[in-house]
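Per numbering that gives the first Met the number 0: the sequence shown ends with 352, consecutive numbering throughout.
It should be emphasised that the hints constitute simulated quantities derived from the structure, not laboratory data. There could be a bad hint or two in this list.
[Said to hold, decoys possible] The following label-pair restraints were derived from C-beta to C-beta distances: (1) 89 with 146: 47 to 57 Å; (2) 295 with 350: 18 to 28 Å; (3) 22 with 284: 17 to 27 Å.
Even for Gly, the Cβ is constructed at its ideal location relative to N, Cα and C.
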Amino acid sequence: MRTTPVPGVEAISEEELRAETSGEGLPPLAPVRDWLHVLPQALGSTHSPRYTLSYLVLDDAGGVHVVDPGWDSEENRARLESALDSLGRTVADVRSTVSTHLHRDHLGLAEHLRERAGARIVLHEREQAAIERLADARDRQTPGATTARLISWGVPAARREELEPMSIEVTAAWSSADRLLSDGDLLDIPGRQVEVLDTPGHTPGHVALVDRDARLVLTGDHLLPAIFGGIGLGGPAEDAIGDHLASLDRLEQLESGNSYASGGMYEVLPGHGYRFTGLTARVRETREHHRARSAEIAALLEQSPGATVWKVAEGVRWSAGWENLRPFHRFSALAQTAMHMNHLRLAHERGVG
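Please build the complete structure, drawing on both the sequences and the hints.
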């Protein structure tokens, strides 16, 4: 976890920053605007990050809309009920849940709110399709499929056993949406103009949500303040790295040129960590991180043409060191390496770079 500030990026909430950097406790419910509040919800795992930032939107008709409701647990259900009570609302007032993507730490609680309050589940159409593909793959999974993948990556036989459980961990919430979104759609929130911005990469149908009047952008796991969100975590994609880079370009345009002159900086409301300003600076740092990783892998492939994913990953300068990576993170490193190698191959075929 990064503890040094990113140049040009400033935390909006000291309590959220302290919780993120200390690794202790959950920040409290906090106002973003009089109609928007942020509620940290605990994750149901021991992996970092420790909590999801859920956003409660109060509409002009007395309803509540929950963006990224979080992991479904008794603790989080109680925290949400308490937060709504402090705002003069109840679970019965929840009209919809809008999830930036399919992972359980963002979508998980949506099913409970649909059952309790009839709250509509809202997802991007590509995310719903990804859920269906993942569910089908889960149902059809055959013995040896994971081993075959590891073999294709060139993982030595002696190292496969520790990695096999990692690839079959289910992170998706198996929900079916009541409304499907497309790029440019407006959410059905009386009194607000919240626009859907396609940001695939983390997952195929990941979205950011933009309120241009309030200069707010909810970025889910696409852009985080202190860590780099994972890529390709919603099933197979033709070029998850390329998708992610293109999505960063789209996000940067919010503060570029005439858009900046007309309204100034955006407040970034991410899915984890802490709220911050410095959208452009963080986008550029994230883009440079991924481009540098691709360049590093390209150099390794130039030295060893035809090298396996495992062999290339061994040579990458991982922040913790390759041999120090735990199985979960080693599997993630292999998957990242494979995606960068695929991105480089596609760029070569297209005559790019």
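Taking the hints in turn, this is what the structure says about them:
no.: 1; hint: 89 with 146: 47 to 57 Å; in the structure: 50 Å, holds
no.: 2; hint: 295 with 350: 18 to 28 Å; in the structure: 22 Å, holds
no.: 3; hint: 22 with 284: 17 to 27 Å; in the structure: 22 Å, holds
Checked against the numbered hints above, the structure violates none of them.
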